[in-house]
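Asks: Taken in order, these protein sequences are the chains called A and B. Position 24, counted from 1, in the first sequence is what my numbering calls 24; the numbers after and before it change by one each time, with no gaps. Position 415, counted from 1, in the second sequence is what my numbering calls 415; the numbers after and before it change by one each time, with no gaps.
Source of the hints: derived by calculation from the structure; they are not laboratory data. Keep in mind that a hint or two might mislead.
Simulated coverage check for chain B against chain A, where a stretch passes if three residues somewhere in it have a Cβ under 8 Å from a Cβ of chain A [as the list claims (entries may be wrong)]:
| id | segment |
| --- | --- |
| 1 | 134 to 147 |
| 2 | 157 to 163 |
| 3 | 210 to 221 |
Here are some, though not all, of the chain A residues that point toward chain B, as calculated from beta-carbon distances under 10 Å [stated by the list, open to error]:
| id | residue |
| --- | --- |
| 4 | 37 |
| 5 | 70 |
| 6 | 71 |
| 7 | 118 |
Beta carbons: idealized from backbone N, C-alpha and C, even for Gly.
Residue strings, one per chain:
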Amino acid sequence: MGKVVLKLGKDISTDDIYPGRFMATVLPTETPQYCFFDRTEFNQKLKSKGIEPGGIIVADENFGCGSSREQAASTIRGHGLIVVARGIARIFMQNAINLGLNLVVCPTLEAQEGDELVFESGEVINKTSGRKFATEPLPPARQEIIDAGGLIPYTRRKLLESPPR
Amino acid sequence: MGMTVVEKILANASGAKSVKASDVVEPRVDLAMSHENAALVINQLNEIFQGTNREPKPWDPGRIAIIFDHRVPAEGPKTASNQKLIRGFVARHGITRFHDIRGDRGGICHQILPEWGYVLPGQVIVGTDSHTTSHGALGAFSFGVGATEMASIWTLGVALNIEVPPTIKAAVNGKFSRHVGPKDLILHLIGRLTAKGANFRVLEFHGETIRNMSTSGRLVICNMSVEAGATSGIVPADSETERYLREEAGVTDFGERVSPDADAVYESVVEIDVSGLGPQIACPHTVDNVKPVEAIAGTPIQQVVIGSCTNGRLDDLEAAAAILRGHKVASGTRMLVFPASGRIYAQALERGYVAEFVRAGAVVMNPGCGPCLGVHQGALGDEEVALATTNRNFKGRMGNPKSEVYLCSPAVAAASAVTGVITDPRGGN
Ligand code: SF4
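Given only the sequences and the hints, what does the whole structure look like? Please build it.
Replies: Pasting the structure below:
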């Protein structure tokens, strides 16, 4: 369960999530400060801890389109936020799964800022409006990575299964 | 059942007889490309090796390419230090396909790879850059990944848990009219498909227009395939691919062409006739907001940008120089030109294009990503409008969320630089 802390439209690009001018900052420990930097009010709220971990970003179709910059996933994950979108662009989805960012694809979702959402298997319930929306499973090929807690532990396991070079 | 080009490449790379869309494969990777974000890849590589009692090192340094392009020469100490860290890694592991900030071998990653013969038909190419789709122009399956995924590939030499993407076939026929070309075609297609129309899919290009197109033009359409969300764009290799590799990349052994089976299964087919197509413009703030140039001709512009991995090649500079010849850049408008590589810069110098640009009042910048991603040079002021041959017009892309970016071909950009407003190159000139 969590509260919608930001509602966005469609085609939100990684330039919006993490502007290119901060790309020299790469470490997941350092990227959170620039999260949605040009949405000044939201960024300020994040920085002043006015937004709790577990908060939900709701977006329309094609969230995370554009550049492959992984900072866009790590900057959101760093604040412990969850992304629920009607659709997600491929590279962003991959990056999010690889880094263990919590993602839900919900093609018909309707929610406003402040709404309380509850995640059940196969659906999102909007407690505020009382409506339910079916979710779409993440790509099954990636489930093993999610289960392993991200691509780093998953790859490490594969590495240890392989003979040393 | 017949296979598409990408299905054939993935079957071959993962040791399977045949694969079909949605199968999960683990293809070996022929080339793994990064730019300055190799700094993060190195960090993630170290994380993977942590606690394993093994020394973090890439599986095959000969298959790694690192090209500095996004912020060259460094715009500040942070980038400079990242670049320094990467140089150390490159030296330690003997990575030879390394392109530092140099006039002779530097440039934008998506130009360096084809130009130096690092991409061959039938290969699997990955890059920590979304426009890695570009290299499908040479008949390779080439897609963008994030830094952690790259670190995983550096570790194991394979891409893990890859779902074979379904393919959309684009059949392109007809002859371009004057001042219309590959950029207009791909903008038109993105407008039709929308920014998510090819998400998780491959765009495979066919038809006489593509067969007659140079590799430079094919690089434009594959480069921008990602703007429709595509995992990759691909042009099945043909005699033009072999000509390019031989004459322009100095490759003599380019393996086998991979062609789709006659009964390959496509998710859908898009037919395009370019004969009636005019110059296209992507309007702010999404690349699929495409209009014919007539619809917005007359819009004042403060900055014109010609360059990038999309349209910074010699034919692009030639087209722009030809239109500028004998004219001046309008006062109140700045024109920035950044060739895609050092080699192109040198060729443009020899052919006199650089002199044409300078004479007209344009600023010719060093090869690299420059203004394209808005970090470094050529940022816009509040409420300013730019017209660019680059590939993205997202809000803030050129360094300022209060500005606007329109995307177009080199011909439209050059014609508009002369007038200071968005201009149809077919009229007047
Ligand atoms: S020129 Fe622009 S689009 Fe191309 S690699 Fe550089 S930043 Fe990316």
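Asks: Could you run down the list of hints and mark each one as holding or not?
Replies: Do the hints match the structure? See the list:
no., hint, verdict
1, 134 to 147, "holds (count 4)"
2, 157 to 163, "holds (count 4)"
3, 210 to 221, "violated (count 0)"
4, 37, "holds, 9 Å"
5, 70, "holds, 4 Å"
6, 71, "holds, 8 Å"
7, 118, "violated, 27 Å"
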